[in-house]
Amino acid sequence: MGRTLAEKVWEQHVVRRAEGEPDLLYIDLHLVHEVTSPQAFDGLRMAGRKVRRPDLTIATEDHNVPTLVGPITDPVSKTQVETLRKNCAEFGVRLHPMGDAGQGVVHIIGPQFGLTQPGMTIVCGDSHTSTHGAFGGIAFGIGTSEVEHVLATQTLPAYRPKTMAIEVSGELPAGVTAKDLILAIIAKIGTGGGQGYIVEYRGEAIRKLSMEGRMTVCNMSIEAGARAGMIAPDETTFEYLKGRPHAPGGDAWDAAVEYWKSLTTDEDAVFDAVVEIDASTLTPFVTWGTNPGQGAPLGAAVPVPEETDDPAAARRALEYMGLTAGTPLREIAVDTVFVGSCTNGRLEDLRAVAEVLRGRRVVTRTLIVPGSMLVKLQAEKEGLHEVFKAAGAEWREAGCSMCLGMNPDTLAPGERSASTSNRNFEGRQGKGGRTHLVSPAVAAATAVTGKLTAPADLA
Amino acid sequence: MDAFTTHTGRAVPLRRSNVDTDQIIPAVWLKQVSRTGFDKGLFSAWREDPEFVLNQPAYQGASILVSGPDFGTGSSREHAVWALQQYGFRVVIAARFGDIFRNNSTKMGLLPVVLPAETVEALQSAVEADPAIEVTVDLGERRVRWGGESAGFEIDDYTRWRLMEGLDDIGLTLRNADDIATYENGRQPWLPTTV
Ligand code: SF4
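First to last, the protein sequences are chains H and W.
Read in order, the letters of the first sequence correspond to residues 1 to 459 in this note's numbering.
Read in order, the letters of the second sequence correspond to residues 1 to 195 in this note's numbering.
Hints listed in this document are in silico derivations from the structure and should not be mistaken for laboratory results.
Here the structure is a predicted model, which means the values were calculated and not measured.
Don't be surprised by glycine CBs; every beta carbon is placed ideally from N, CA and C.
Heads up, some of the hints might be wrong.
Computed from the model, here is a short list of chain W residues facing chain H with C-beta under 8 Å [what the hints assert, rightly or not]:
no.	residue
1	His7
2	Asp20
3	Ala45
4	Arg47
5	Ser76
6	Tyr87
7	Asp99
8	Thr136
9	Glu141
10	Arg145
11	Met164
12	Gly166
13	Asp179
14	Leu191
15	Pro192
Reference listing, derived: stretches of chain W covered by chain H, where coverage requires no fewer than 3 residues with Cβ under 8 Å from a Cβ of chain H [unchecked claim]:
no.	segment
16	27-41
17	50-58
18	110-122
Dumping the calculated DSSO-like pairs for lysine-lysine here, alpha-carbon to alpha-carbon at most 27 Å [said to hold, decoys possible]:
no.	chain 1	residue 1	chain 2	residue 2
19	H	Lys261	H	Lys8
20	H	Lys431	H	Lys78
21	W	Lys40	H	Lys381
22	H	Lys431	H	Lys451
23	H	Lys242	H	Lys50
24	H	Lys78	W	Lys31
25	H	Lys242	H	Lys8
26	H	Lys162	H	Lys8
27	H	Lys451	H	Lys188
28	H	Lys431	W	Lys31
29	H	Lys188	H	Lys381
30	H	Lys50	W	Lys31
31	H	Lys389	H	Lys451
32	H	Lys261	H	Lys162
33	H	Lys389	W	Lys31
34	H	Lys86	W	Lys31
35	H	Lys50	H	Lys8
36	H	Lys261	H	Lys242
Using the sequences and the hints given, assemble the complete structure.
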């Protein structure tokens with residue numbers, strides 16, 4: 001019987017397999033940031049262990065960093081960042097600190113450097129590590145104990161998850177983006193729908209996505225509960241990688257591409273579960289509740305809790321969100337628009353925002369935060385920052401920012417945002433803050449009108 | 001990690017679904033660089049409400065959390081496990097867990113027990129009817145017992161063995177250091193390094 005892409009990549013990385021035990025899996029790349037690593041490095045120190053492969057490890061500062069130029073003022077955040085610096089120096093790990101040209105959100109910089117390649121296993125103490133699966137590898141988030149395990153051994157014991165195919169047929173209509181697609185998928189299968197699975201996104205609509213769009217889709221796999229999301233590599237993938245600093249060069253490139261081309265699911269392979277979606281029926285999609293599965297097409301209304309799958313959760317969500325059932329989503333007024341994060345903080349996302357904001361003015365507080373310093377540089381080369389500033393938006397330094405509000409960029413209690421990030425959990429963007437997840441294009445149009453709006457609605 | 005064989009204690013019913021790790025411990029608590037002091041952060045936003053179940057006198061000292069489905073979804077933060085343990089929980093029971101949370105729990109010796117949704121609800125109702133009821137979670141027998149009731153649960157043999165012995169994964173893996181070295185010698189030559 002044929003094998004799925006996930007099975008091929010998994011098998012390639014099994015170091016040891018024994019009856020009744022999880023597989024011991026080799027890890028090709030370990031990404032590290034300041035929040036989930038300090039206790040892991042401490043553990044190494046206490047046990048007198050080293051980092052086994054510092055040359056397969058890379059660290060950045062992202063979660064705590066302020067996005068206005070200047071030092072970290074919060075002493076606790078500052079200690080955390082300084083701890084990462086000390087640990088990287090002590091254990092010989094490459095670090096991109098604040099202010100460095102290579103600094104950025106951990107899931108933006110891996111692909112940007114060409115470190116994320118097809119067929120690899122990639123982990124990070126961060127659930128959105130699933131982003132990297134867009135290149136056709138297995139990439140997943142781990143906790144701090146596992147971070148320590150990978151630092152010490154470059155391996156992880158793990159059971160191979162089941163496989164799920166999400167077949168996206170048809171083409172996305174104009175104005176409908178990768179973000180709308182993944183929000184619609186999560187609303188369909190639920191926040192636990194992917195639990196225990198590695199999801200492979202397939203089909204015509206997926207093949208037509210750019211690498212940026214594929215990363216947006218894979219990024220949010222975790223919001224459907226999946227262990228990882230992946231997309232088979234193709235010409236789009238190779239084109240994106242070619243010439244990047246850590247991509248193979250010369251003969252190695254040809255050998256790599258030949259292998260990468262074998263990384264597809266065999267025709268006779270069988271998935272443990274299959275979900276089908278017709279992309280051509282989709283419209284811009286937004287969330288109304290407090291988990292990413294509580295979403296609806298922008299043209300819909302806030303649902304009646306009793307008509308949802310989980311009425312108790314929906315009632316609670318509406319209360320927290322300060323929404324009334326039956327209100328058209330387009331009538332929801334927001335105070336703040338946030339563009340950024342590892343979901344939608346890449347150049348293509350900023351271009352989509354600029355396209356809407358060009359020649360217009362924002363009426364909300366609008367924060368535009370590039371995912372990395374390189375994205376910032378590229379955007380400025382294209383003059384996008386001038387468009388943002390002319391529209392009245394704030395153009396910031398790179399970091400996680402209001403995606404989780406560990407730095408000073410937060411919502412006040414009761415404040416409502418339209419956000420291109422990935423989580424609308426209670427308090428995610430600041431205690432009492434209310435988050436609607438949207439695409440970059442919808443975020444931009446919303447900033448212009450002050451209510452949830454699609455670009456097509458603008459005169 | 002402390003070994004887990006069997007635990008008897010009182011339970012607290014948390015009748016909510018999708019309890020994500022941002023609720024278990026909000027991001028402001030993640031700035032610490034030590035592994036201790038997270039108990040105060042546990043459900044810190046929800047605990048501001050005096051009605052919240054953890055604030056009710058009847059449930060003080062409970063060591064088993066019985067939650068609605070999809071507990072521990074979202075962020076990979078192991079701080080969620082540390083916070084639950086430091087508050088005094090030894091076991092969390094739910095119909096479904098977030099994958100990363102469940103992994104983190106078993107690394108730290110917090111036992112995640114999966115029971116069918118109806119059984120979880122029955123247990124929640126029993127605890128609500130009598131908060132003093134004793135609940136026993138027996139890992140050896142893979143069984144939860146309360147009042148006259150009991151329910152079996154599944155957990156793979158390997159994880160169960162590790163938990164019952166209180167074994168550290170890194171130590172176990174390093175017994176196979178030779179296999180790792182052999183594998184490393186055969187890796188594809190084009191794979192990137194960060195140097
Ligand atoms: S941008 Fe948001 S989701 Fe992504 S790594 Fe940062 S905090 Fe996590």
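Consistency of the hints with the structure:
1. His7: Violated, about 20 Å.
2. Asp20: Holds - the Cβ of Asp20 (chain W) comes within 8 Å of chain H, reaching about 5 Å at its closest.
3. Ala45: 5 Å, holds
4. Arg47: Where the cut-off is 8 Å and the nearest Cβ of chain H is about 12 Å from Arg47 (chain W), the hint is violated.
5. Ser76: Since the shortest Cβ distance to chain H is 4 Å, the answer is holds.
6. Tyr87: This hint is violated: Tyr87 (chain W) lies away from chain H, its Cβ roughly 18 Å from the closest one there, beyond 8 Å.
7. Asp99: The hint holds - Asp99 (chain W) has a Cβ within 8 Å of chain H, the shortest such distance being about 5 Å.
8. Thr136: Cβ of Thr136 (chain W) sits 27 Å from chain H, so the hint is violated.
9. Glu141: Violated: closest Cβ of chain H sits about 19 Å from Glu141 (chain W), beyond 8 Å.
10. Arg145: This hint is violated: Arg145 (chain W) lies away from chain H, its Cβ roughly 27 Å from the closest one there, beyond 8 Å.
11. Met164: At about 15 Å, which exceeds the 8 Å cut-off, the nearest Cβ of chain H leaves the hint on Met164 (chain W) violated.
12. Gly166: With a closest approach of 14 Å, the Gly166 (chain W) hint is violated.
13. Asp179: For Asp179 (chain W), the interface hint holds, since the closest Cβ of chain H sits about 5 Å away, which is under 8 Å.
14. Leu191: Holds, because the Cβ-Cβ distance from Leu191 (chain W) to chain H comes to roughly 6 Å (cut-off 8 Å).
15. Pro192: This hint holds: Pro192 (chain W) lies near chain H, its Cβ roughly 4 Å from the closest one there, short of 8 Å.
16. 27-41: holds (count 8)
17. 50-58: Coverage by chain H is violated here, the residue count being 0 at a Cβ distance below 8 Å.
18. 110-122: violated (count 0)
19. H:Lys261 x H:Lys8: Status holds; Cα separation ~12 Å.
20. H:Lys431 x H:Lys78: 21 Å, holds
21. W:Lys40 x H:Lys381: 47 Å, violated
22. H:Lys431 x H:Lys451: The hint holds at about 22 Å.
23. H:Lys242 x H:Lys50: 33 Å, violated
24. H:Lys78 x W:Lys31: The hint holds at about 9 Å.
25. H:Lys242 x H:Lys8: 23 Å, holds
26. H:Lys162 x H:Lys8: Holds, because 13 Å separates the two Cα atoms, which is no more than 27 Å.
27. H:Lys451 x H:Lys188: The given pair, whose Cα atoms are some 25 Å apart, holds under the 27 Å limit.
28. H:Lys431 x W:Lys31: The hint holds at about 16 Å.
29. H:Lys188 x H:Lys381: Answer violated: Lys188 (chain H) to Lys381 (chain H) is near 39 Å, above 27 Å.
30. H:Lys50 x W:Lys31: OK: Lys50 (chain H) and Lys31 (chain W) at ~24 Å, within 27 Å.
31. H:Lys389 x H:Lys451: Status holds; Cα separation ~20 Å.
32. H:Lys261 x H:Lys162: 23 Å, holds
33. H:Lys389 x W:Lys31: 32 Å, violated
34. H:Lys86 x W:Lys31: 16 Å, holds
35. H:Lys50 x H:Lys8: Not satisfied, since the Cα-Cα distance of roughly 31 Å exceeds 27 Å.
36. H:Lys261 x H:Lys242: 15 Å, holds
In this structure, the earlier hints numbered 1, 4, 6, 8, 9, 10, 11, 12, 17, 18, 21, 23, 29, 33 and 35 are contradicted, and the remaining ones agree with it.
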